[in-house]
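Novice: Residue numbers (our numbering), protein chains in the order written: chain A, 1483 to 1975; chain B, 1483 to 1975.
Do not rely on the hints blindly, as some may be mistaken.
Same chains, same label: a pair holds when it works inside one copy or across any pair of copies.
[Unchecked claim] Pairs of lysine-lysine, DSBU-like flavour, derived with a Cα cap of 30 Å:
| no. | residue 1 | residue 2 |
| --- | --- | --- |
| 1 | LYS1971 | LYS1544 |
| 2 | LYS1506 | LYS1935 |
| 3 | LYS1683 | LYS1748 |
| 4 | LYS1683 | LYS1636 |
| 5 | LYS1630 | LYS1683 |
| 6 | LYS1748 | LYS1722 |
| 7 | LYS1636 | LYS1971 |
| 8 | LYS1636 | LYS1506 |
| 9 | LYS1506 | LYS1722 |
| 10 | LYS1636 | LYS1544 |
| 11 | LYS1748 | LYS1630 |
| 12 | LYS1935 | LYS1579 |
| 13 | LYS1683 | LYS1506 |
| 14 | LYS1758 | LYS1683 |
| 15 | LYS1758 | LYS1748 |
Keep in mind that the hints were calculated from the coordinates and are not lab data.
Source: prediction; values computed, not measured.
2 protein chains.
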Amino acid sequence: MVRGHHFRPEGGKQMKSLFQQDLKVANVGLQGFADNIAAAGSQVSHLSWAPPAGADAALGWKLACLVGDARIEEANRIAYERYLAAQPRLVDLVLAKDAIAGLAQGERRILHSGPPIAWADMCGPQQGAITGAILYEGWADSLDAAEKMAASGKVALEPCHHHGAVGPMAGIISPSMPVWVVENADRGNRAYCNLNEGLGKVLRFGANSTEVIERLRWLGGEFFTTMQVAVRGLSDANLKPLMAQALHMGDELHNRNAAASALLFKRFTMALLASKVDSAAIQRALAFVAGNDHFFLNISMAACKSMTDAAHGVPGSSMVTVMARNGVNFGIRLSGTGDQWFQASANPVDGLYFPGYTVEDAAADLGDSAITETNGLGGFAMAASPAIVQFVGGTPADATANSRRMLSITLGSNPAFTLPPLNFGGTPAGIDARLVADSGVLPIINTGIAHRKAGVGQIGAGITTAPMACFNEAIAALAAELDAIAAGKGSAA
Amino acid sequence: MVRGHHFRPEGGKQMKSLFQQDLKVANVGLQGFADNIAAAGSQVSHLSWAPPAGADAALGWKLACLVGDARIEEANRIAYERYLAAQPRLVDLVLAKDAIAGLAQGERRILHSGPPIAWADMCGPQQGAITGAILYEGWADSLDAAEKMAASGKVALEPCHHHGAVGPMAGIISPSMPVWVVENADRGNRAYCNLNEGLGKVLRFGANSTEVIERLRWLGGEFFTTMQVAVRGLSDANLKPLMAQALHMGDELHNRNAAASALLFKRFTMALLASKVDSAAIQRALAFVAGNDHFFLNISMAACKSMTDAAHGVPGSSMVTVMARNGVNFGIRLSGTGDQWFQASANPVDGLYFPGYTVEDAAADLGDSAITETNGLGGFAMAASPAIVQFVGGTPADATANSRRMLSITLGSNPAFTLPPLNFGGTPAGIDARLVADSGVLPIINTGIAHRKAGVGQIGAGITTAPMACFNEAIAALAAELDAIAAGKGSAA
């Protein structure tokens, strides 16, 4: 719409007329141009835009070729169907050494969150948690000795994701820790996650004081044996309907698990009451579960891992099946590029800090819990969870907008996980790395915030995004993989 | 905005010019005028409006005098403060005969929902439930004999509200039924409600088959003795924080109580595990609670009754402290008009019917459960509960709009009960009868739907409104009361 001047309408040429009109500008790209025009008193509409593929021309060309590639479309269809068909069931609670091959009796190996990283490069909370785990295992008898042992390389340190497992924050799983076992009934694949210890001074946030280790011993002892009976006695082990119900009760199943925890508490209670477990042990175990609204998080993570793993390994698929952070780097994996990690520096977390702490005190984005976002939950399902903004910041309108925006980078929405405030539309699910690289819209993640130093613990919670470079790198690798397949020498992902 | 014709601009008079323009009409009041203009092809904006006080000029004059009346403002301030200060605590579960004077041992009296009504005038489900209660009490040994007894007048039938009690749907409380005891710690007043039996074929929806009576006997026997121990052993009996938490978990605490039921289940479990009650009895009791997502409804109702009762009896107050229906009439009470009921025909319920049923099969609006709306919950708190539209109909946007609209007829919003989707604004609370009569905005109510015949049970759930005539009548009575007070002969309400 153009509004003309009415005085001195002399001259008839269009160019002259144009320059006599008030400017109305649509600015695309750099905000700075729009700011200058606005400062000069003219009207300007700014459209956020950045060139695809990080403005890398060669990568942009590859990306353009991948968009609409029939091989990728078909691969994504298969991967996404496997994801939708997944039926996670909570089938057991066992010691990690009895379920995860790399942690078998005698192995001195500890699993951590995120992509691979050497001890010396790890962030404070991850080092603190590993030190605590060495004490817990009894491989050393002081924090000092434990730290020396870790630094010496005498304990193997590997990502949870290399062993079918996930762990929140530091993500530490050592051989004597109990792990939830979630099985995808559709394809039989299993995923593991450790126990939730509560909030505050806990191992996963890097705390490792006596109180933390004592709690771990109780969790690995009486609590473990009690809850193993509870899990094995569940009359209904299906997690998908429970998670769907929790989304209708204000959870997003990453940083808010109050409803899912309460619903599972009911099932555990009925199983334990039907058991022969000593009543006092039942009381102590259920009191711990009842007092921890985040208890379900680790089960949610194992369920999510089992669902995205179902979609992994389809050659040519650009679907993201892992997003994980070690507090230094953020790493992703694609269904079609096998075991490769695509990494970039982990972002800081914008959020609500506990009194006395600021972003200066915080470790960067940390933990395998972004498996919930990879699965369409957490930040992707925030519309279901307006109350979570009291924990991670922002407004309920932001929460809804986040879910809507994520629909622009996913293969679809999951009809099993519906979001009431979006008229019961499914949660955005199946991140397509092509769409992220093309649109510049980054996956959003709700997360806890750990102090950057070992031994302190949680200092807040907030919201962050995955870094773009992971997705650009992944696209380049997928293009190479497709070229190799075309040349008859592709590695089956 | 007026758009002119550009051809034949002859003549300069404004009137002539007006008649040559396209019509743009703002219509206020009767929709029919707007429809005609729209049908003739012109643009019309319709504004819903009806004259205050049901277009009764004399009543309208009284209402105009009451709006801004300093005595009412002061009375409402006191009533509303007492409401806000209320601290409902779940203090006991006892047999009705041991708590409610009118039901003491030997009395043949049964309480029902809504305003007073004679047996012959009652709706089917209320008659069916009373018949069932007579069987349950053992006062008759067949449904036929029970019905004859009720019709003969040998059993006194009185409103729950006349005895400090409330009951959902038919609202039947007979002497041997257990009732929850909720005490307002701020003022010491107590409120009572019966037990929730679940959905479907249950006494409160008018069903009275053997299965229904057997369930009542178990609820009044083993379940009662078990849950009495649970209530008396609660480590935290405060209901207000639990209800506030449930509002953040998708409940509106009338037709959706899934979160509150799950949260209370945790407290009951911990109390029972610490008790000496037989493990099998605990199992059966908790299984019943775990299987009924509406279990908390009756506790919510008693809590609401204790909170609105706190505001009752302030001379001159126009605050509504009771809304209740008996399936024939809808009745309200004001804080400032004592024990008087103001009644009108109960509305039908627009909702979602179970397969095979329609509104033709339905009883009119029924039950004391509108005490939740009187207290700012239920329909008033629907914004917190987008998922409830799957039970009562409409869209999540309707649910939010309902909460916003109710703010126009309430004295304020309750900071203890916040609604996340409304940016954590308080739920609309303290209905002012003046505002209802003046604005024509009717209190909205979420409710279950009973079959109109005795013995059938629930056939759906939906949304309805309170009828305007109650509020007009209440305003007239309040005006008379104020006149009497001014003349020095007012009855202290």
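Novice: Checked against the structure, which of the hints given earlier come out wrong?
Specialist: 2, 7, 8, 9, 10, 11, 13 and 14
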